[in-house]
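Student: Could you put the whole structure together from the sequences, leaning on the hints where they help?
Protein chains in written order, with our numbering: chain H, 43 to 587; chain P, 3 to 204.
Derived from the structure by calculation, the hints contain no laboratory data. Just so it is clear, the structure is predicted and the values come from calculations on it, not from any experiment. Watch out, some of these pointers could steer you wrong.
The list that follows gives simulated cross-link-like pairs (lysine-lysine, DSS-like), each with its CA atoms no further than 30 Å apart [what the hints assert, rightly or not]:
#1 H:K247 - H:K390
#2 H:K69 - P:K45
#3 H:K81 - H:K238
#4 P:K45 - H:K144
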Amino acid sequence: MKILIVQLLRLGDILFSAPIISGLKKKYPHAEIHFLGFKQFSQVENLFQDKVHWHWIDRQALQSSLGDAEQSFFFAHDLLSQNIESLKSQKFDRVYNLTQNKFSGWVCAQLGVSETIGLHFDARAQVRFGSPWFQYLNDHMTAGRGEVFHYLDLFRFACELETEEIQWNFTRATRKDLLPPSPYVLIQPLTSDLKKNYPLSQWKKVIETFQMTSPGLHIALLAAPSEVEILTPAFEKFSNVTIVACSLPEALTLMDHAKVLVTGDTSIKHLSCASLVPVIELSLGSSDYQKTGVYKTASWILQGKTACSPCPHSGPCSQTTHACAAQISPEAIALAMNMMVTGVGSVKEVANEFHPQMEWLETVITPMGFWFAKDVRAAAMEWELLRVIEKSTWKFLLQQQFQNPWAPFGTESLQIRKTFAERFADLGDGRWRDQLDFLETEAVEADHNVAALLSSMRRVLEKPFDQDRQQECLESVREFCEDNEFGANLLSWLPDLEKTFLSVEDKVVSLSGLRRLQKQLDEMNHRTQIKLKLIRSLKSQVMGL
Amino acid sequence: MPDVHFETARNSELIFTYQQRHLCSSIHPTREAQQWASYHQAKWRECRSIIVLGLGCGYHVRALKMATDARIVVLEPSREVIQAALRVHPLDLSESELLHWNSVESVTAFSALAEATKNSYAVLVHEPSAFANPSLYLETKEFLLGRKENGLRWLFQNRGVEMPAIEESEMNLKTLEPVLEKQLNGELPLQPALQALRELIA
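Tutor: As structure tokens, then:
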């Protein structure tokens, strides 16, 4: 069996694919794993321990040749065709496209593979996803609706690797001259995107403050070779600070011995998942921690509170000042570093102090198979339980467990209960019951509302020209949108529905709008059913039934 | 060959002058040729064919042959230079496609060029050779790269389709569409390649 993984984004995204490669290797031990990425990141060939057949597309050559009069007019097309021809000749059995963009979709469209998981185009140029998870990513997460899953969780679920252990099999390399004096902390001050950078002037303050509170610790600044020139003038006067330009395997070795790593949204952040080093992530600019936050437990994410974050990837910062970076005080970073290193101090208190300007989150990987970041200030079991049940509900829905009479609701609820019992040791049964009762009441109400709406829809479908029924249906939808937690999802469908009814007046029966709405309602129906089962299963465990 | 005079480079390799000009290094022609091939590597690295304008003493063609498996087609406007270069490298150049050309229009007659331009290719100018007729070299290069309308039309024809009626200023990715459709060939959906490229520059 030949499997191709397509990841046509940046270096961090390629590193991020490591657990998918390892998981597929474990699940299909005799399969040949191939990987397609952009050539500018081909240095990862030396980093991945798993045996992978690498294929590269020279994105820079493609793009530059399109505007280069010294190249043939057809060069970009010929080069891409050559790449595709070479990939086609491999005769892959399955493709996993982990890149949710059209370029990768068109590339996948040409590979002639019968089974493609992830965005691709069919012979009629219609978009296909090959998995409810990628459909969900497109329809809900990208549109800012529904529950946000970390990309790695989503990819693992889409590739059906949820039962495989998450492994980051990266190579380490040691250069004795590279290791700074111990003990040391690591900082990656720059990122590949200006918007994600914390200003160097602020980094200086972070270091000054940290050195006052932790004078015995050395600070190593990680840098790509091209970044050394930028960092040297800013930090050369600091004592106990070293700038280290190194390869990815060397950076990983450095992390293994560091007390803490502080980084923005960089490939180094994803690399750190292979190490035990705790991480403080600065989530700035277009960095969306909910989707790409550092995938390890007990690390911290600091994010400035601004209405514009996370901003779109394309385009420069829309603000006159770098507002999200300005909201994160250097003192807060230095304190976070100090607490992470020493384990002394109350994170909650410090986070409270800086709360008006920034969010302070802690990363958690649950036994239910997903990652999330929780606010360190609010140890609100209620909020966390709601999020976890939502995520589990979506997971069961997208795994189409509602069709499975043996769906593991019991196991899932047991894991939820166990997780919460560990996290909230003082959680009494009474508080559990109160919260579950509340959630159940809400879910039952939602269930009734969805059922009523579905019934109203069916009545319209029976007699599409009956204006009373149309009116009744529209009213129900409007009410539902206003009152219900699912309403926001449905709101975007309302104009479609109104248009559908108008076309019915013209005696042109266009039922596609109604059908789409019905599909949405069916999905909501399944969700409420799943949620109710999870809540009731949890309740029965709490009550010892 | 009154315009050609053979001599020995400082490293003992055989070279010649044409119209009293050196066409390659008189110190170490092989090393210079390797540097030339390496300098242009970004252009030819991914190509299946390389078209070289100007044969010179042939050292740069030999360097290219040693560096790549790509097909190499050489255009040279002087028959004397071709003969002289074949004396310098009788074995290495005998396998190359050496074509004598003297006008831009004449390149359309060469089937080797028509074949070479059907897939990825690079056009490299051997600068020391271009002194005799710089405009011929420049115009031929632009023609072969499809950067002039007549050249682009010829390239389209090589790929089996008529070039669509367009203003020169409109030459862009859309111009490629007919070629891609032709290459669909009933099985390979190359239209997506165009779509992919569009996404890449969007």
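Student: Each hint needs a verdict: does it hold in this structure or not?
Tutor: Hint check:
{"no.": "1", "hint": "H:K247 - H:K390", "in the structure": "holds, 23 Å"}
{"no.": "2", "hint": "H:K69 - P:K45", "in the structure": "violated, 42 Å"}
{"no.": "3", "hint": "H:K81 - H:K238", "in the structure": "holds, 24 Å"}
{"no.": "4", "hint": "P:K45 - H:K144", "in the structure": "holds, 27 Å"}
The structure shown violates just one earlier hint, number 2.
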